[in-house]
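Peer 1: Sequence:
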Amino acid sequence: MEEKSLHVEGAGAEKGSQFRTRGSLSNSSEATTFAQFDLAKLKGRFTFGEGEKLKSKKIIDQLFTKGKSVSQSGFTLVYLSAPLNSFYPAQASFSAPKKNFKHAVDRNRVKRLMREVYRMNKFALYEKLVQRKEQLAIMWVYKGKQLPELELVTKAMLYCLNKI
RNA sequence: GCUACUUGCUGAUCUAUCGUUCUUCAUUUAUGAAGGAAGGAAAGUCCGGACAACACAGAGCACCGCAUCCCGAUAACAUCGGGACUUUUGUUGAGGAAUCAACAGAACAAGACAGUGCCACAGAAAAUAACCGCUUGUCUUUAAAUUCCCUCGGGUAUUUAGGGGCCGGUAAGGGUGAAAAUGUGAGGUAAAAGCUCACAGCUUUCCGUCGGAAGGCGGAAUUCGGGCAAACCUUGCGGGUUGAAAGUUCACGUAUAUCCGCGCUUAAGCGCUGCUCGGGCUUUCCCGGUAUCGGGAGGGCGGAGGGGUUGAACGUAACAGGUUCUGAGCAAUCAGGAUCGCAGAUAAAUGAUAGAGCAUUUACACCGGUCGCAAAAUCGGGGUGGAAUGACAGGAUCCGGCUUAUAGGCAAGCAGCUUUU
RNA sequence: GCCGAUGUAACUCAGUUGGUAGAGUAGCGCAUUCGUAAUGCGUUUAUCUCGGGUUCGAGUCCCACCUUCGGCU
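Residue numbers (my numbering): 506 to 669.
There's no promise every hint is true.
[Unchecked claim] Simulated pairs of lysine-lysine, DSS-like, Cα-Cα distance not exceeding 27 Å:
hint, residue 1, residue 2
1, Lys668, Lys560
2, Lys648, Lys563
3, Lys616, Lys573
4, Lys560, Lys648
5, Lys648, Lys603
6, Lys573, Lys660
7, Lys571, Lys603
8, Lys633, Lys562
9, Lys558, Lys616
10, Lys668, Lys638
11, Lys563, Lys668
12, Lys573, Lys563
13, Lys604, Lys571
14, Lys648, Lys604
15, Lys616, Lys633
16, Lys558, Lys648
17, Lys563, Lys638
18, Lys573, Lys562
19, Lys562, Lys604
20, Lys603, Lys660
21, Lys650, Lys660
22, Lys560, Lys607
23, Lys603, Lys563
24, Lys558, Lys573
25, Lys604, Lys633
26, Lys562, Lys668
27, Lys668, Lys558
28, Lys616, Lys562
Simulated from the structure, these hints should not be mistaken for laboratory data.
Keep in mind it's a predicted model, so treat the numbers as computed, not measured.
Build out the structure end to end from the sequences listed, making use of the hints.
Peer 2: If you want it as structure tokens, here you go:
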């Protein structure tokens, strides 16, 4: 309970410092490059928009062949440092296998939980990546066979994120 | 009032904060504002369509699917509604019983007098029945009685009872089996048999009558050899194939390089499941020879193999559309009016947290004090608080059905128990 | 999204026109051996995924459901 409320408080405190930078991201895709990414702008915001989702099939194929992985209590984090065609330092995607969850409702539930946790806790990862000046493709896979609680998801995913 | 079952309907609300997706508008071009955002089954993918691509009219057979019958509904269906036949379950009534009648519900996959095949074990026999048994005739044989002959040993003939062989006749009887050759009674016969008759059953036809029809009721005539077609099959009806990963357009990008086969005119290829028939379309140029052949080039078709892309838009959200009212109809459904615009993602959008409230449960706590026919209780019910739980389940081109899953609530039907009048 | 298959003993599989469900391995017992393994002999285990239907009778035929697996850009 306390753990969760921490994030909310943090969000409230940082809210005032939110300001808009006029990124020189003019109009086309060439401008939205990683080099021009401004970390401060994202601080205190917990969005998860179009640019932050990993969608390219090509990169996903590379990810599973070359990528490294960390796992904790059923959650596996597969990641690969690669140049992305994106403004953000990382792109993430979530997956739950049909083998373990027969019904679509359950698969959606797992993915939604993982997405929620990633959204709340990605800022630390972004900071780290900006310092290192690299971009990361991330795939989360849940390999457990039972529906997890939110608390468990948070714990396991934080552990994985810290390992990177 | 409670409980159980069946059927139908329904399928939990609001506020705040953070976040997702689509549309519109604004601008500081990345944010803001406003609005929209899963189901009755979105599921299974079991049927039927719409839609799209592929083509040169057709016909026959194969192949596949459907199937009680009638009338209706529908774009269509293996669907839905109403009825009929048969079977069956429950209740009630009648009756000594078998059973019959009424009401309510459920099931129903054509045809076994076209042909082929199959029916384990048991049993005489499992399908054009003769094993035992019964029995006419005939041959033979044993015993007894009687007649005649006689050498008194026997012989001959007849009758009665029995055994055996042969030609036959018989489905009345035979402990089996899932199933036994219409059933019962009488006549009939050597013995028997629908062989004949009566009653009953079944098949088909005709007449009368009721009904719009399937069909019902009554009468007459006629026939009588099991089951299995969810065995082959026969009959009737229907069927082109592939599915939005269909397909159209644009962008990006490269190389159809190479190899094999076919083939260019009495022949061959193509033709949307296969084969056949028939029609149609296509088959270039050069050289030698000259009706058919040989060589070369060319492009064509099929296959192997290789290269590029892994993007965008359309299809794609206005309809066999929803809600509601009126009318027609027993109903399925149809007609007319009003009104609404109601998901549109593509590694795939609905979530998280907090609070309030709702429903259910409770060997929890407290209250109230007697609501339960009366009384009592550590019982049930009531109120407040606490705790727990909130069903099945998530769009992927779209509709109509079917099937399966489903907490709780509501309604109807039926049954049981109980209370009051 | 579309299409196709699979299910039988603890495990791996057989089971053709419907008629008492079988093999190998494993398990158990006995023999053999000083003892174990190997070997030999004997023996146990089945709701044929589940539910209906056809039939006198279904592992087998028909229908629906569940499970597991595969293919198609």
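Peer 1: Looking back at the hints listed earlier, which ones does the structure fail to meet?
Peer 2: Hint 25 alone not satisfied by this model.
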